[in-house]
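Q: What follows is each chain in one-letter form.
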Amino acid sequence: MAFTFAAFCYMLALLLTAALIFFAIWHIIAFDELKTDYKNPIDQCNTLNPLVLPEYLIHAFFCVMFLCASEWLTLGLNMPLLGYHIWSSPQIFLGVLIVSVSRYMTRPVMSVPGLYDPTTIMNADILAYCQKEGWCKLAFYLLSFFYYLYGMIYVLVSS
Amino acid sequence: MQQPLSSGHGASLPNSSTAPGRHQQVPSKAPLRSTAGHCDFITYQNSYQVPVQNIIRPVCPTSLDNTQGSGQTYSTLSMDSSLIAPRGPNMITATPVQSFVDTSQQASYITEHYPSQVPYIVPSQSTTQVLSTHSASINHAYPGFSYQPTSVFNTQHNAPLNLQNLHFATSQPLFNAMSCQTKILPKSEQEHPPASFQPYHAGNTGTSWQPLARTSVKKPAGFTTKPVALSSTARSDMSAGFPFSMPHQIKPSYSPSMTNVAKPPVSVAPLAQWLPPSTERLTSATASPASASKVQDGMQCRSVSNNQVNSAPSPLSSTSDDEDETGVDSSSSSSSSTNASLPNNYDSLEGGSNQDLSSSVTEARAPFDPSSLMTTKQSGDVHPNLQPVYLKPSSKVNHLSSSMKGLFFQNKQQAEARKQINLLQERNILPPVPIQCPQSNLSPELRNLNCSPDLFRCTLMNVPQTQALLNKVKLPFGLLLHPFRDLTHLPVITSSTIVRCQSCRTYINPFVSFFDQRRWKCNLCYRVNDVPEEFMYNPLTHSYGEPHKRPEVQTATVEFIASSDYMLRPPQPAVYLFVFDVSHNAMESGYLNICCQSLLENVDKLPGDSRTKIGFITFDNTLHFFNLQEGLSQPQMLIVSEIEDIFIPTPDSLMVNLHESKELVKDLLKMLPAMFTGTRETNSALGPALQAAFKLMSTTGGRISVFQTQRPSIGVGQLFSREDPKQQSTIKGLQHLGPATDFYKKFALDCSSQQVAVDLFLLSGQYCDLASLACMSKYSAGSVFYYPSFHHIHNPTQVEKFQKDLKRYLIRKIGFEAVLRIRCTKGLSIHTFHGNFFVRSTDLLSLANINPDSGFAVQISIEESLSESSVVCFQAALLYTSSKGERRIRVHTLSLPVVNSVAAVYTGADVQAITCLLATMAVDRSISSSLSDARDALVNAVVDSLSAYRSTISNLQKSVLVAPNSLRLFALYILALLKQEAFGTGLSIRLDERVFSMCEMKTRPFVHLILMIHPHLYRIDHLSDEGSITVGDKTIPQPPIIQLSAENLSQDGAFLMDCFSVMYLWIGKNCTNSFSNEVLGFSNWDSVPQNLDRLPELNTLLSRRVTSFVSWLQDSRPFLSILRVVKDDAPFKANFFQRFVEDRAEFALSYYEFLLHIQQHISK
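Residue numbers (the numbering used here), protein chains in the order written: chain G, 1 to 159; chain U, 1 to 1164.
Keep in mind that the hints were calculated from the coordinates and are not lab data. Since the model is a prediction, treat every value here as computed from it, not as a measurement. The beta-carbon is built from N, C-alpha and C at its ideal position, and this holds for glycine as well. Some clues are possibly wrong.
Computed beta-carbon distance windows for the label pairs [what the hints assert, rightly or not]:
(1) G:Trp135 with U:Ala468: 23 to 29 Å
(2) G:Gly83 with U:Leu424: 48 to 54 Å
(3) G:Ser158 with U:Ser867: 58 to 64 Å
(4) U:Lys521 with G:Ile86: 35 to 41 Å
(5) G:Tyr129 with U:Glu630: 54 to 60 Å
(6) U:Ser698 with G:Leu143: 57 to 63 Å
(7) U:Gln629 with G:Tyr129: 49 to 55 Å
(8) U:Ser698 with G:Ile29: 48 to 54 Å
(9) G:Ile29 with U:Glu723: 40 to 46 Å
DSS-like mimics (lysine-lysine), calculated; alpha carbons at most 30 Å apart, straight line [to be verified]:
(10) U:Lys826 with G:Lys39
(11) U:Lys474 with G:Lys35
(12) U:Lys666 with G:Lys35
(13) U:Lys1034 with U:Lys419
(14) U:Lys1164 with G:Lys35
(15) G:Lys132 with U:Lys746
(16) U:Lys472 with G:Lys132
(17) G:Lys132 with U:Lys419
(18) U:Lys804 with U:Lys1164
(19) U:Lys801 with U:Lys472
(20) U:Lys804 with U:Lys521
(21) G:Lys35 with U:Lys472
(22) G:Lys39 with U:Lys1164
(23) U:Lys1133 with U:Lys801
(24) G:Lys39 with U:Lys474
(25) U:Lys419 with U:Lys474
(26) G:Lys132 with U:Lys826
(27) U:Lys521 with U:Lys666
(28) G:Lys35 with U:Lys826
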């Protein structure tokens, strides 16, 4: 029973994942409001866009931490999401999802950081996609939350 | 139904009460009103049965600026019996109760005076009386007068000839129609009314009355027989409390339902005009869809005539759109006919068309086999629950017989529609008449109620039941909308409560069903709502308990005057800001002079009321503001050279009231061009200028018109050249169709949220990065105009186009702070919107401005199976502030049947709508993906749908390329689309032109777009009157449309190609000298100049025919087309021949090759 760097990583990840869960919930609520309620897409995008980069950075941060802690399995589990954030992304047109270059690099021409463009966000496909993305991320973060909890205890107990 | 005497007496009530109503608004008028011929008023009231609470507001297109004065003349006139008298007894002088009734006030006043609480004002023609304190404009209408052809952009114009007499609604033909009508009408009913029936005439002095006067003068001629007697009867009727006239009037006008479903003529006149009545259309089944529209015209006239013959000014139905200043809108027919006359009327109508079509009827017998019977039956039953309402036992026989006829036609038509076409063998695929929207499977009565296909159209007239079925047919499903189109007939309704569904907020419409008169079932969400007490009362008929006869449920396009519930803030005034580029480049092009000239001419015609504001900004590398404050002796120019952080020098005096500072504005416009001549400043600070403009406008909202001639080079929003000539040649390398910066988009979004729209006029020689600049209009609901290589001397054709466009732009109708909501039946949802707007919510578009020339497209997806219902409905509601400061809601409703077979979906496919929707989708794809993707997608659309169709047919040879009849032109249209500038592959297409062409595809209304995609070609050197149509007193020849292949040109002929914005007149070398002589006024071919921009009016038969045909085409569009003469050596020759889409071009396939290409894909 010793407090290792790995245990520290798990604890940190636990806290950060809790934050990410809130991000995901916020994301889901925001898009739900867009779809059902009459929230203005401009306002909604203005609140959502500033959250995109922090979310990515937080996630990337604890991935790096896991890398340093040599937690390969955990890192491996996180790689898909990291990869998704950086590389794969939808480009949506005519109801066809074309996976192309990067989620972030192919974002609409914007002068502020962020992904969501108020002029295209109301497109049914984009909206549905973003909602689905929110739910998937929420599920992923929830699962990883418990996994980190388990991982933390496991590391603490085993070492 | 009979009106109790008391109501007759009650007539006096409304007078007095209307007056107070008005007084509230415009107190100064009170004395006028009350004093002016009180008894006359009463009499009229009786004779016209203006319902008690019904206030007729006549509208006159000319707006009078002076409220007081106009009010005065108006009221006095209206009461003045002597004025009326000369028009003869059969003239109806409806009391033009000019109502200055503010809706909100009205409500209260009505409750006071009328317990029944039906405040119902139906201006006979749209109109608006704005009653904000200072707004003084008054509209008058000549309601009875029906329809001026010129102002209409209607399919009717496309109507080809037919033998039948079509009466376009000029006085003359109308009159004839009317007189015939009278003869036919056997009954007593026809008697009473001459007096009352005449379109009521607001005694109006304005010039606008001229047409009416003419009509009325002529009428007596037809009626000579017994006007006097009639008048006396009418009088007695009146005094007796008018037992008949009133009810009659009522019934017909709002109750098509009464008599029969299948009888179109019964329906409300404006409706009739728009909607091709199914039966009639059926008659023309054989191949000339266009004839339907003719019939329809004829019908319209008939209903007009009815109106005249029968009673009642029926203000409700007669309407035109517009508060219009232009005077174009004329007025409209009103729809009343008497009860008894209905069947007759119908018969005569039906008989007339039958005769014409008798041949087709006989042919039609053949397909009358059991199976087809079944199909018809099915379609007839589409909306069973509506039947009770719309079908009543009365006149059953008639109905039966007519529906039998309907069956014949329908069968015939369906057989036609189900036909397969072998594309490769069908050489002459293009019909000689314009293509009409296909018929849905809807029962005729519902179809007749439907919104005009010019306003609201669906790509699949028969809606597939499930998404799976939709996927199977591989056709795009969507709507095309032209919501703010200039209309001649538009019922305008003022009512204190606008009846809407409680849960989904749908406006009540003709497709709802009523239960026990007390409840109605929403046709979109199926909720059962209560009918409000007020709605139970029909002010037209004075009858109670007939909610289904209210105008809201009689026509699919109505306009409501909205109450203050529909305002977030007081309605804004019309505010116009002009932003001119005055850099060296701009002054070189000389546009400013033309522009100021045009503004100077039209500054009085700018839509607006007394609050209208105007302002000007010019910019080069600095910004120049103009202080036009009232009281200055001349305009002051304020120069701001700080462009990094924009400020407004004198915020109060830059946007000024147009009326107060008119002289200063005019002075400025005169000075402006000279002020900057010889400037050496080449930079353009467009971004800062826009920011300044936004600051000026943000408090009020309004319209910013930006005139730009070069790439913005300094300050924010600076753009760089992205055009690479080398890349143009390869489709793959073509980039930069999207914006380079989001400055303009963000700017547009800011504007949109402050209700400011930005319209861009780009007049430029070089590349300007329109892809970026256009964003400012795209998201703020503005419009883009582009004039490549504009120069005031070197490029006269562009100058002419600019002038014409600008004129239309300045005086066209405008709506401010608008939102457009599209609702659809449960189970459907909106997928994507196309057009210029900001999408505010899943079904809501925010439109800072709306103009009559913008169209929208919507893609629809089917989320749940539609098996529960047999019909789906779409409703588009446009809420806007008119230029008179009145909040209005224009509602269009479209109802379509649901089908569950692939064949039925194909039958109802509307190839033109599909093409237009695909064009907008392809534009999106070329921006988000690439042009070659978009081109492939277009080709795949044809391949997929044709192969899907093929798979539904068994035992076909492999080499046969079949298409359903409805899609026989699909391949041709797609090929034409691929040859458009937007998607073409030619070397010569410049990036800006391509981008502009894409903008056009997204925003043009589909009627215009389809003509741009596939122009019409006519041979005009031997026009004959055969099959011509009559508009007014003019005979318009209708030459057949020729396929767009150069082989159809012959050197000894003259051809006209109508490409919507341009018309090419091609004169063959061997064309007889008589043509150039008689039509062009030149002795022979050689002497015809290359730049002949208009046809001379010569006194020869051929010249008259040609000019009337050309001007008829011109009248059918909002922006005048430029006429260009093409001879063999003319500079436009290349442009002209490029339009021959069936021919092989530099980088494009010919039609036949394209078909082979498709066939290869399919058989793969």
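Q: Each hint: holds or not?
A: Results of checking the hints against the structure:
no., hint, result
1, G:Trp135 with U:Ala468: 23 to 29 Å, "holds (25 Å)"
2, G:Gly83 with U:Leu424: 48 to 54 Å, "holds (50 Å)"
3, G:Ser158 with U:Ser867: 58 to 64 Å, "holds (59 Å)"
4, U:Lys521 with G:Ile86: 35 to 41 Å, "violated (53 Å)"
5, G:Tyr129 with U:Glu630: 54 to 60 Å, "holds (55 Å)"
6, U:Ser698 with G:Leu143: 57 to 63 Å, "violated (48 Å)"
7, U:Gln629 with G:Tyr129: 49 to 55 Å, "holds (53 Å)"
8, U:Ser698 with G:Ile29: 48 to 54 Å, "violated (31 Å)"
9, G:Ile29 with U:Glu723: 40 to 46 Å, "holds (44 Å)"
10, U:Lys826 with G:Lys39, "holds (22 Å)"
11, U:Lys474 with G:Lys35, "holds (27 Å)"
12, U:Lys666 with G:Lys35, "violated (49 Å)"
13, U:Lys1034 with U:Lys419, "violated (38 Å)"
14, U:Lys1164 with G:Lys35, "violated (42 Å)"
15, G:Lys132 with U:Lys746, "holds (27 Å)"
16, U:Lys472 with G:Lys132, "holds (26 Å)"
17, G:Lys132 with U:Lys419, "violated (44 Å)"
18, U:Lys804 with U:Lys1164, "violated (50 Å)"
19, U:Lys801 with U:Lys472, "violated (45 Å)"
20, U:Lys804 with U:Lys521, "violated (48 Å)"
21, G:Lys35 with U:Lys472, "holds (28 Å)"
22, G:Lys39 with U:Lys1164, "violated (49 Å)"
23, U:Lys1133 with U:Lys801, "holds (19 Å)"
24, G:Lys39 with U:Lys474, "violated (34 Å)"
25, U:Lys419 with U:Lys474, "holds (19 Å)"
26, G:Lys132 with U:Lys826, "holds (22 Å)"
27, U:Lys521 with U:Lys666, "violated (56 Å)"
28, G:Lys35 with U:Lys826, "holds (16 Å)"
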